[in-house]
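Each chain, letter by letter, is given below.
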Amino acid sequence: MESQNYNYAIVRSFVVWSVVWGLVAVLVGVIVSFQMIDPDLNFPPYLTFGRLRPIHTNAGIYGWGVGVIFATFFYIVQRLCKVPLWSDKLAKFQLWFFNATIIASAVTLLMGYTTSKEYHEMEWPIDLMIIILWVAFAINIIMTIFKRKEEQMYISLWYMMAAIIGVAILFVTNSAAVPVSLFKSYSAYAGTNDANVHWWFGHNAVAMALTAPPLAMFYYFLPKSTGVPIYSHRLSIVAFWSLIFMYLWTGAHHLLWTPVPDWVQTLAMGFSVMLIAPSWGSVFNGYLSMNGQWHQMRENYLVKYLILGITFYGLQTLQGPMQAVRTFSAFIHYTDWVPAHIHMGTMGWVSMIAFASIYFLIPRIYGREVYSIPLANLQFWLILIGQLIWSISLWVAGVLQAGMWNAMNSDGSLTYTFMETMVEMYPYWWARAFGGLVYLLGLVIFIYNLYMTIGKGRPVITQNAAVAAEGGA
Amino acid sequence: MWEKKPVLLLVLATGAILVGTIITMVLPFAWVNTEADRIEGVKPYTALQQEGRDLYIREGCNNCHTQTVRPLVSDVLRYGEYSKSGEFVYDRPFLWGSKRTGPDLARLGGKYPDSWHYKHMESPRSMVPRTNMPDYGWLSANLLDPQMIQRKMETLDFPYTADEIASLEGKNEMDAIVAYLQKLGSDIPWRESAQTEIVGDLVNPYAGVDHGTLETWEELYSQNCSACHGEHMEGVIGPALIGEDYDEDVLFEIIYTGIADGGMPSFSSLGTDKVWKLVNFIKYYNQDENH
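The listed protein sequences correspond, in order, to chains A and B. Residues 1 to 473, numbered by the working numbering, are exactly what the first sequence covers, in order. Residues 1 to 291, numbered by the working numbering, are exactly what the second sequence covers, in order.
One thing to keep in mind: the hints can contain errors.
No farther apart than 27 Å at their CA atoms in a straight line, the calculated lysine-lysine pairs in the BS3-like style are these [unchecked claim]:
1. A:LYS92 <-> A:LYS149
2. A:LYS224 <-> B:LYS183
3. B:LYS5 <-> A:LYS147
4. B:LYS4 <-> A:LYS147
5. B:LYS99 <-> A:LYS82
6. B:LYS99 <-> A:LYS224
7. B:LYS4 <-> A:LYS149
8. B:LYS171 <-> A:LYS184
9. A:LYS224 <-> A:LYS147
10. A:LYS184 <-> B:LYS183
11. B:LYS4 <-> A:LYS184
Derived Cβ-Cβ restraints for the label pairs, each shown as a range [said to hold, decoys possible]:
12. B:LEU8 <-> A:SER232: 18 to 28 Å
13. B:VAL7 <-> A:ILE392: 38 to 48 Å
14. A:GLY403 <-> B:PRO129: 53 to 63 Å
15. A:MET408 <-> B:ARG130: 39 to 49 Å
No wet-lab data here; the hints were simulated from the structure. Even for Gly, the Cβ is constructed at its ideal location relative to N, Cα and C.
Chain A extracted, bound-state conformation (with noise of 0.2 Å):
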């Protein structure tokens, strides 16, 4: 069998080190959000909300985010190319410099060494680790697809390309900068150019880091995990297409009613409507595909958290979108919908996909079945619990405050001071801690689930049997 010529044990590596990052990701957003509540929480000068939600960020997005992806996609490069890993030692050497690069950015951002640019907050020498880091993958994942034996290249391998060359286009334009020392630099752009430029970099590091990458995932682990193929290839070409076509207009969204030229607005705001098309051609893509085939939700565990992962991120490009829209924006920005917003996407959407992929791996990694499928049930039901908790409550909470933000007396004045509107915020606060710590308790049950796997858990005995049912792609 040539499953044994394949690097598993690089995929080993990054599974186990990715969730070591979101572990900290999500304890870290549970004491942020408890700093939001108390102030007596902060303990100046390191353990602040203003440093330690940069470190909230970054270590979900790099850490956990990128963390999975090195994972998932090191394993479907092989497994959809039927070839090893171009190199080994390149792959070896990015999983130690991953580690490095990660703790290096929470060191530098607990000292205060920021930049102050939303999810590229590392300051030039971490920037440049990071590009190198990217540049390993690239080269890899690139090679090894050079060298593939299956001459048709799967949908996932396209989104994997996409993902490769927009974050590098985007990551080292928004990097620009002239250091000062070693940890300051000022942003090579100014004012109105370096806002938007940075949010054509924010929006589209979650096109290319969060939304096709786990896509990449979706589309190999759904099939993977039915048994049936993927409804429509065709619907799945035109959706690639547009996606990363659309995507890059739409950053100046984030900038709506700024200083930033009207047309450039305007533009974002069309293209984000748009791109509701490309986003669900994709979810419909992977719910056609459940033709027939809607009993595994009951039955599979795997096909539960893929597919109300991709539900999350139908509803996410859906409320995206109306936020994009220069009326809605008016009126919700700057609340605390805005976050509700952005973690239905990445514990909903982007967590799911990643939980799932996981999952699948584990017995083809670790020649052992899941030690308790019960407790990966039970962990599906506190993660989704614990996001709705967190979401739902910010999504009132937003829309009473920006309506108290907006409300005016009858002679033109406003009718609340900032401050009247800011305590109102209080008990959502608290509700979305509490859904910020339901969430933890399930990603602590995922991480004992896989510890006693990996300790105890029965051997995978057919797994040549099952590989070759499988198929190769």
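Following the hints, position chain B against chain A.
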């Protein structure tokens, strides 16, 4: 065909990504920060202000505070004149933010006296009782590094003098951040043009109101006035209000339009009704009883 040719796929994907990128991200450089949006009077930061800005970045203030006022009625009433592109030409990086856990700060400069900021940064809850802003008094314990600040000014190509750098000696991080906050949004004379002119006679709609009614307005006073004028009008940062004997219409005008040079902000956004309630509360609440 492209499904079997990775190089072709990579080239096509790069092309697809670059179209929107060039049009919406590269093209605006032709207009933004050029003569097209230049504003006379917008000045680079001084050494102290720039250092304050870097501290604002270091402490992640932008995680909770935005710095763009949108051309929307409620934004302009609450914060002031809407933000213009030309005001940000010296901002590296931009600090517009994305979330208003606290209020927008784009027009904060000149709203309060320095002493308000020192006290508020030291202990936000002493000024705004239920705020969730952390204390930043510890900044006062850290002295500035003039050599480093000089290097920053050189990197940014901002004008500075040797005296200016020398004067940083002995100043601390709190001094710098307050200097920065006081510069925000004040390069255009928007306060003067936003000044409300009161026309016609001012008539107190609550003339002769009883003490019980006045008491219900105490909340209004403590939310808007007590941080500076004291819980019992004894005066803290602002002057004591006990013993003042302004006419009703003068008092109304002071509260409504503020005193630009005296550090008294305008409270016109409260509306005439609430301002009249404050006038009556301040003028008459303490007259009949001891508090």
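A quick look at each hint next to the structure:
no.: 1; hint: A:LYS92 <-> A:LYS149; result: 24 Å, holds
no.: 2; hint: A:LYS224 <-> B:LYS183; result: 59 Å, violated
no.: 3; hint: B:LYS5 <-> A:LYS147; result: 12 Å, holds
no.: 4; hint: B:LYS4 <-> A:LYS147; result: 12 Å, holds
no.: 5; hint: B:LYS99 <-> A:LYS82; result: 47 Å, violated
no.: 6; hint: B:LYS99 <-> A:LYS224; result: 41 Å, violated
no.: 7; hint: B:LYS4 <-> A:LYS149; result: 11 Å, holds
no.: 8; hint: B:LYS171 <-> A:LYS184; result: 21 Å, holds
no.: 9; hint: A:LYS224 <-> A:LYS147; result: 23 Å, holds
no.: 10; hint: A:LYS184 <-> B:LYS183; result: 22 Å, holds
no.: 11; hint: B:LYS4 <-> A:LYS184; result: 45 Å, violated
no.: 12; hint: B:LEU8 <-> A:SER232: 18 to 28 Å; result: 23 Å, holds
no.: 13; hint: B:VAL7 <-> A:ILE392: 38 to 48 Å; result: 47 Å, holds
no.: 14; hint: A:GLY403 <-> B:PRO129: 53 to 63 Å; result: 23 Å, violated
no.: 15; hint: A:MET408 <-> B:ARG130: 39 to 49 Å; result: 23 Å, violated
The structure shown violates the earlier hints numbered 2, 5, 6, 11, 14 and 15.
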